[in-house]
Every structure is written in C-alpha cells, then in structure tokens.
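Engineer: With chain Y held as given, fit chains B and L with the ligands onto it using these hints.
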Amino acid sequence: MANVQLNHIAKAYAGGPRVIRDVTIDVKDREFLVLVGPSGCGKSTLLRMIAGLEDITDGDLLIDGRRVNDVPPKDRDIAMVFQNYALYPHMTVFENMAFGLTLRKMSKVEIKQRVEQAARILEIEPLLHRKPKDMSGGQRQRVAIGRAIVREPKVFLFDEPLSNLDAKLRGQTRIELQKLHRQLNATMIYVTHDQVEAMTLGDRIVVLRGGDVMQFDTPINLYNHPVNLFVAGFIGTPPMNLLPGIIQQRNNRLTFDSQGNTLQIDLSKSVHHERLQRHVGKPVILGIRAEHLTDAPTSGDRPFFSSEQLPFEAIENMGNEALGYLTIEGIRIVARLTPDRAATLSPTAHITLFWDLDKVHFFDAETELAI
Amino acid sequence: MKPLRYILLTVAALTFIYPFVWMVSASLSSEAGLGSLTLLPIGASIQNYMTVFERIPLGRAFLNSLFVAVFTTGLVLLSGAMVGYALARMTFRGRDAIFYLIIFTMTLPFQITLIPNYITMVKLGWVDSYLALIVPFALNSLSVLLFRQAFAGLPQALIDAARIDGANELRIIFQILIPNILPTVLTITILTFMGLWNEALWPLIVIRDEATMTMPQLVTLFSVGGRADGQLGVKIAAAVLLALPIIILYLFFQKHFIRSMASSGMKD
Amino acid sequence: MKRLTPYLLVSPYLLHFLVFVAFPVGFSVVLTFHDWNIISPMKWVGLANYGRVFRDREFWQAVWNTLRFLVVHIPLQIAIALFLAELLNRTIRGAAFFRAAFFLPVIVSGVVVTILWQQLYSFNSGLLNRGLVGLGLGRVGWLDDPDVAMYSIAVMATWKNVGLYVILFLVGLQSVPEQYYEAADLEGATTWQKFRYITLPIINPTLFTVVVLSTIGGFSLFIEPYIMTEGGPLNSTLSAVMYIYKQAFQYYHMGYSATLGFCFALIILLVVIVQRRYVEKEV
Ligand SMILES: Nc1ncnc2c1ncn2[C@@H]1O[C@H](COP(=O)(O)OP(=O)(O)OP(=O)(O)O)[C@@H](O)[C@H]1O
Ligand SMILES: [Mg+2]
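Protein chains in written order, with the numbering used here: chain Y, 1 to 371; chain B, 1 to 268; chain L, 1 to 283.
Just chain Y, same shape as in the assembly:
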C-alpha cells in the first residue's frame, strides 16, 4: 500500500549543474512505473533520490503522503535491486537475504521463514548456502531480487536489473518480474535504458532526457501519441522514420514536401488536414513507423500515398517480419515488407511503398513538439 509522489524534484551534485531539473511524477499504489531514457539522463539519480541514497536538492518526495526528504533509506520502507546485484560477496545467499532483517531485529525463526519463502518463489532454494561468486549471473540476479522481497517493502526500486543478463535470460526474467509484481501487489519503480523493457513492463512510463520529463504516459499512448520528436525517436523498434520537409498549400491541396522535393505527399484526405493548416509554409518533420510504410496498401479505406519505385539498399528477413532499408534525401528509412514477398526480392530491388497517411506524425521542426 504505497503511492510515491515527486513534487518539483531537482538535483545538483556538489558544485555541479542540475542533472535533474524539475520532475513531478505521482506513482500510484501497486503501479509498475518505468523510468526510461538514454544514458546519463538522470534515471539512476532520480531512483537513488527516492531510495534516500542521494540528497534531494529541491522539491518534495512523499511516500504514502509523508514527506521523506530527510528520512534515511532504512526508514523509508523501500528495497532496491542494483544493476550489478551488489550482493555481499562474503556472505552466503541466506545471509545476504537475511542481513536486512537481522538489522531490523526480527526473530531468527521469522527470518528463516521469510527467506525460505522468497527462495521458494524465486526457485533458489538449493542455492541458499552458496556464496555469490559460485553462482551464475541469472542466479545472482534472483538472489538480489530475493533480498528485496524478504523485506516486504512498500516500494521496490530496480536500477537496470536485467542489463547484465544475456538476451534470452532477460526475456524470461521480464516475464517473471511481471508475475512477481502481480503476486506481491507492491509499488515498483524500475529504471532501464531499454525501451523494449519499458514497454513490456510498465503500467506507465516516464521518458527522461537531460534531467527533464519528456512524457509520462502508458506504453500504448507513448507509442501512438509521442508528444515530441525525442519520444517518437526513442520509443519503438525499429525507430520511427523522421523526414524533414515543409507544409505547402497548392490550389486547395495541402501537401508535405520533403526538403529535397523528392516527395510530395498529398494530405488533403488525411486526418491531419485541419491541424496542419496553421503550419503552412513552415518547416515540419514527418514521422512514420516502419509498419505504416509497407509494400502493400493498407486494408480498409484509410488514405495512403504511394511513392515511386525506390531502390532498396538492404533487406532483413526474419521470417515473421521483413525490413527493407533505403535512403531518401540522405536519410535512412526503414519499411516493413511482407516476408514472403521479401524472400523473392533481390536486395537492391526497386519497389513501390505505401504510406499509411492516418498513422503519420508531424512535429514542429523548431519546437520539436507534436502537431
């Protein structure tokens, strides 16, 4: 039972500039919140402030309505899982998990019971008497989570807990973390720079950049309605195609002309028509995801634009999906092709692409905000 509120939180390390500028987030009870952003954007700093490992320079941090800015970590009722697990190397798994409980003067019997229960959940019972150095990365990772679970904290904090695992194990653990979240019914705040992790785990996601919140929303909204160019480029694999150009009004027709004029896309029938009126003659950036730029027209009656035949530079066919790469005016563009069709194409084939106009995004080239 815990909600976490960050009100205008700011952070400057001793003598340095502000690395967190003005962050306001409310994390609901039992929510799985993900902080995501590129390296150095301040994710860890933010998490460490919530944990109480770093002083808060400005703003208020509330856990369950209580201001905890000056409360030491041990009294915040939180637990944290670290990137390198930070297990105590000289202690066995049991001792590692029991340490925090011992310091809280819990009875031996209860400690044993809690540790064993957590070990059961995480399937690490046979490891209880091993030292961290005698375990695999995945096992250590479980112990690190176990150390947090036994404490039964109000809030779990994770700082890139999966980044040291190989791809397969990372996928499995992601699923287990979701399961765990449901089982434990606890609030979780999770830091990652991997947007796939963010999208799959988060109830809501905070996208950070340079110490500022770019967008705070559900995964699906981030994906479908990025509020600015940064979020658009950051969320989604492959990244959204971004093409600079200008909005033109020509005898009743509203078009997007790419910078070098190789493309003139008629937007008259698209849903953007209204909104773009105010940007006529102004530079904008068009964004389109690969799945909306395909080798076949969209089903239904959504308007589309078909470009002239363009030469591909490379085709990646993974069986379930195929991606084709080409360059338009010096900008790398990726389109999604039908795998069966892609298999018959030579890697440098010329092909007509269909642009799903209702799924196109526009951003103001100056403010970088979505239009």
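Keep in mind that the hints were calculated from the coordinates and are not lab data. Quantities reported herein were computed from a predicted structural model and do not represent experimental measurements. For each residue, glycine too, the CB sits at the ideal point set by N, CA and C. It is possible that part of the hints are untrue.
Cβ-to-Cβ under 10 Å is the rule here; a few derived chain Y residues that face chain B [said to hold, decoys possible]:
| no. | residue |
| --- | --- |
| 1 | Ala14 |
| 2 | Gly52 |
| 3 | Ile56 |
| 4 | Gln83 |
| 5 | Asn84 |
| 6 | His90 |
| 7 | Met91 |
| 8 | Phe94 |
| 9 | Leu103 |
| 10 | Ala144 |
| 11 | Ala148 |
Structural biologist: Just chains B and L with the ligands now, with coordinates in the frame of chain Y:
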C-alpha cells in the same frame, strides 16, 4: 642461463637464512664453541637461555610486548578503517586538507617530534606506563592511506545496498567492507605488528621501569649494559628469543603476506 | 547527524594529529629558542641554540657519519635489490621460497640483527675474521677501525632491509608488459639495453620511492650503532639521531636537542629534494 640464475638465487637465500641458523646453534653452544661455521651446536646446552632468564625479566617483557603490539595493532586497524573510509567514500568539507595533513605527517622526520612527544608523555604522567607505548602509535598514516585506497576500489552499490538494508556507517565499514579487503587488512596488521614489536627507540625514551619494558628494549639494554658480562652466547640467546615470535608469525603468514603486500598497492 | 558522520569518523585522526604532530612541531619551534632541562623553568636564549649548532663539531661529525653511511647503503641496496628482483622476476619455481628468504631479515628487529652481526664482525672470534685468517689473510677491524666501522654498519643495514626493496622492485618489474621485451628481442637488443631502455624507465617511480624510503630510513639510523659500537671508535659511528638522543636524554639539553632535530630535518629535506631532481632527470 637458467642454472646460473638458480645458483645465484640460492647463494643469496643462504646469505639471508644462514646467519639465523647459526644464531640459533650458537645460542645453544658453549662459549668456547662460538665463532665456528656450524649448523649444529657445539656442546649443546641451554645454559645461555637459563642465564638470560636469570638476569632479566624477559618473560614479563614478552607479555608486555605482546600486549602492547596486539592492542595497538587493533587500535590502528580500527582508526585506520574509520578514517580511511571517510576519506575514500564520503564527501565533506576539509577532506582534501586532511589527506594532505596525512601526507605531511608521513614525510615529517620523527626527529622533530621526538622530544616534544617525550615531554607530552612526561606532562601526562604516562612515563613508565603502557599508555606511552600505545597511544602515540594508535593511529598510523600509512594504514589510513592503505585503507583509503582499498575502500576506494570497492563498488558503491555494496555500500548503497547495506544502507538500504539498514546498516549504519560503522556497520558498513566493519561488517560489509572489511571482509572484502582482507588482503589489505592482513598487510596492515602484519606491518603494524612488526613495527610495534620491533620498536626499540621510543620505549628506551619513555620507559625506565624494568617491569614495563618491551622485549627489544630490554634486550638492547641487556646487550649494551654490562649485564651480559660480555658473554656473546647469552646476548645471542636473548636475540633469538626476541626474534622467535615474529619469525614464527611470519612463517605462518608469509605466503599471504607477500602476495597481499604486492596486491594492496604498497608500491606507492 | 548525517552531516556530522564524516567528522566523527575522522575525529580520531584529528585528535591524534593535534597531540602528536601539530603540537610537537609547534612546541619544537618554541623549544629551539629556549634552554630547558625539563625540571627547571624554560629559559629564553634567542637564537643561541642555532648558533651553537654551527659550532658543534660533534654534531657535524655525526651528520657526516650519517652521510657516509647513506653513500654506501643506498647504492648498494638498490643494486642488490634490483639484481635479486630481476633474477626473481623470471623465476617461476621456488620464487615464493626465495622471496620469503630475502624478506626474513626485514621482519626481525634491528636489535636482533645488530647482535648477530656484532658477532660476525667481532675482531677476535668473528666468523668473518676467522674466514680471512683461514684464507691466510689478516684480520680486519670491522667495528674497531674508525675508517671501516660505519661501512660495516652500512653493509649490515643493507642485509637487513634489502628484502623489502626486492619486493617493491618485483611489483614494479611485473608491471612491465612482456611484449616490450619480445619487441626488443626482435630488434636484437642486448640484455643491458633492454634493462636500460625498457625496464628502468618503467620502474623509475619505484626507484624513486626506494631511494626516498631508504634515505629517510637511513637518516634515522640509531639502534644499530647504539648497540654495536655506542658511537665509537673515535665517534666514527655516532649517527645524528644518536647524538640528538644523547643531547636530550643524557645531558637533558632539551632546547638544544630540538634545535638539532630541526636542523637535521632540514638537511634530510634538502637531500631528498636533490635526489628527486637527480633521479627524475637521470632516467
Ligand atoms: N556522484 C555524481 N557526481 C556528479 N555527477 C554525477 C554523479 N552521478 C551521476 N552524475 C551525473 O548526473 C547525470 C545523470 O547520471 P545518472 O547516473 O543518473 O544517469 P543514468 O540515466 O542512470 O545513466 P545510465 O543509463 O548510464 O546509468 C550524468 O550527467 C552524470 O554524469
Ligand atoms: Mg544509471
């Protein structure tokens, strides 16, 4: 090339070991048998040792030395770890200043502080007491620097995890970090213990009472003063007794010691 | 509380520093301007103590003796330590044994070593002279000849300390990447060239550390001559620290002794600075 190297090394090793072997055998010889290049004592007897114990309270001095060295080493480890941790892992005003003070202390010749320190002992009334042997050595700059370096090399997450688990700074230092820098602890322990055990000048200055004297001091006074009656065998027996504890300790730990000394950055 | 923690942690150091470093240094300065025998009150004498230092033949003899000791001790120590370290560096089998053997005298009290060598050096019954006589040569007054005694002590001190420096050099040598030597071999470098142009520059910092450590150690020479020769014969082994000790604890000239300590510390500082420039330039 290779055999030559081993011959040279062996000759060198003998040069360092043989005198000790000779010392033991000489101490067990009669006075007449001294001075020959023997491995085994000539006319074996423990007379020399009997004489030593008759003339000076060496047993008492041994206990004094042991008490002083063990207790002081403990204090050095305690204080060194605390100060080293603060210097390595905490930010606070004056931290750099303290670091430079430590460097200054290390380069300061002891000749300058010797007399005033003696006077401090006199004024505190510590002359002829264990305090005079313990307190001035209870903190040592080299150990602070070695601890600082070792703590600086540990991951921050270890400290963070302990803090979240609810450990305070002292617990973090002694329960979480120290077990992970045992080579450094061992190096500091041995260096400090050795230095304290062998210290002869300071006790000569602050201790006059035979009952409080440490072993090196007593043996020094014994061999300088007339009490050995110029009997070399007796002096050597006293020297053997002085060397024995530290050599036993060394043989016990030497494998760890040299390795940890090399790895704990004694090079600078 | 949180802000105070670091200061609490360093407080033992600060306290110790104040009592055993800051106060003594300050008090030392004061003492140098006074005459004081501990019992009667201090008497202000201005710069008289300093004047006396310059006229004190015995002190300068002691300084000179100490320098004579260093001039033999340091080069000998470095040469032997480097040589042994270089031998050990390429040795795998038995390396631990040899290191341990070399280190043995380091851990033993100077008192023990001195008593031991006093016997080796003994004029009539010492092993060295017996050996010389056995070879049909004459006896040497190792500790009895004023021209020889200090050098005998220097050799003994080298024997005692060299193991420590072997280890220090060994650590330095092991940081030299093997490829450097392989590359040099390809270019046909001689053993000496490899040592001069690869090994020496890389272990230069170690070399400097060793020089400084053994200089400072050498300047504190006390217990060895104190036991072996009590400064004799003819004051030829009287070391500076011995003389300072004598002034303080035999004659109770506390002020003068402190002045000597200061002047001697200054001399040490001077020597270290000169060494630093020389060592850094040379390699
Ligand atoms: N202890 C510190 N002192 C000074 N600056 C720091 C400190 N820790 C982090 N910073 C700076 O604060 C900014 C944010 O760092 P932070 O570690 O929070 O980034 P991050 O988003 O976690 O990055 P990553 O994905 O690489 O872990 C960076 O510019 C970093 O250089
Ligand atoms: Mg981080």
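Engineer: Next step is simple, just say for each hint if it's right about the structure.
Structural biologist: Hints, one by one, checked against the model:
Satisfaction of the interface hint for Ala14 of chain Y is found here, the shortest Cβ-Cβ separation to chain B being roughly 6 Å, below the 10 Å cut-off. Against a cut-off of 10 Å between C-beta atoms, the interface hint on Gly52 of chain Y holds, since the closest Cβ of chain B lies about 8 Å away. Evaluation of the Ile56 of chain Y hint against chain B yields a violated restraint, the C-beta minimum of about 16 Å exceeding 10 Å. With its C-beta approaching chain B no nearer than about 7 Å, Gln83 of chain Y sits inside the 10 Å limit, and its interface hint holds.
Taking 10 Å as the C-beta contact cut-off toward chain B, the hint placing Asn84 of chain Y at the interface holds, the least distance being around 6 Å. Interface hint at His90 of chain Y: satisfied, since its Cβ lies 4 Å from the closest Cβ of chain B, which is below the 10 Å cut-off. A distance limit of 10 Å between C-beta atoms decides the matter here; for Met91 of chain Y the minimum to chain B is near 8 Å, and the interface restraint holds. Given the 10 Å rule on beta carbons, the hint for Phe94 of chain Y is violated: about 14 Å separates it from the nearest Cβ of chain B.
At about 4 Å, the closest approach between the beta carbon of Leu103 of chain Y and any beta carbon in chain B falls short of 10 Å, and the interface hint on this residue holds. Restraint check, Ala144 of chain Y versus chain B: the minimum CB separation of about 9 Å is within 10 Å; hint holds. Given the 10 Å rule on beta carbons, the hint for Ala148 of chain Y holds: about 9 Å separates it from the nearest Cβ of chain B.
Checked against the numbered hints given earlier, this structure breaks hints 3, 8; the rest are met.
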